[in-house]
Amino acid sequence: MKISAENMKIVRQFNAGPEKVFEAWINPQLMKKWLFTTEHTNIIAKSDAQVNGTWHIVDRRDGEDYVVTGDYVEINRPNKLIITFELPQYTDVTHSLNIDFIPIENGCEMTFKQTLIIPHEKRKSEKIIAKSEGNYTSLSEQAWDTMFKELKYIVEKNEF
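Everything in the sequence shown is counted per our numbering, starting at 5 for the first residue and increasing by one.
Hints should not be assumed to be uniformly reliable.
[Unchecked claim] The calculated EDC-like cross-link candidates involving lysine to aspartate or glutamate, where the alpha carbons are at most 20 angstroms apart (straight line), are: (1) K117 x E78; (2) K156 x D96; (3) K50 x D69.
[Claimed, not checked] So the derived label-pair ranges between C-beta atoms look like this: (4) R64 x I108: 33 to 39 angstroms; (5) N80 x L143: 14 to 20 angstroms; (6) P107 x N162: 14 to 20 angstroms; (7) T98 x N19: 17 to 23 angstroms.
These are calculated hints, taken from the structure and not from any lab test. Here the structure is a predicted model, which means the values were calculated and not measured. Cβ coordinates follow ideal geometry from the N, Cα and C atoms, glycine included.
The task is simple: from the sequences and hints, build the whole structure.
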């Protein structure tokens, strides 16, 4: 199997300080409201927020469980977080997320970077690979956009 990588960067601003936005990434009571799940579909949210600690989300939709797991690689509260995530029922690929939280007037700017690891069948042409990379990146951006809208609601409405 061939693998390619695409770098994705998303910047969002929040009317909440870096501490709140950072906390929403590591506190399981907040994670279950937005990170790969919703409060209505989440059945497990665990977090051992320390370097080399792990996090775990299980989302149940239409009777099926969707599992997301990851590790904490770097924690510099409330400025920077580097974590990994995997979707073990779909692939053995580990994705890396690098999130920076910058104080701005009236809140925080979050810069989110993900290296998308995209598996391909060996026989695919470069043209097909390029198209699938674009599709994969677009779908990933849409998924994160949906999650970040919920994150914004949570931190700005004091859903703590």
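Status of each hint after checking the structure:
1. K117 x E78: The given pair, whose Cα atoms are some 14 angstroms apart, holds under the 20 angstroms limit.
2. K156 x D96: 30 angstroms, violated
3. K50 x D69: 15 angstroms, holds
4. R64 x I108: 33 to 39 angstroms: 37 angstroms, holds
5. N80 x L143: 14 to 20 angstroms: 30 angstroms, violated
6. P107 x N162: 14 to 20 angstroms: 18 angstroms, holds
7. T98 x N19: 17 to 23 angstroms: 33 angstroms, violated
Of the numbered hints listed earlier, those contradicted by the structure are 2, 5, 7.
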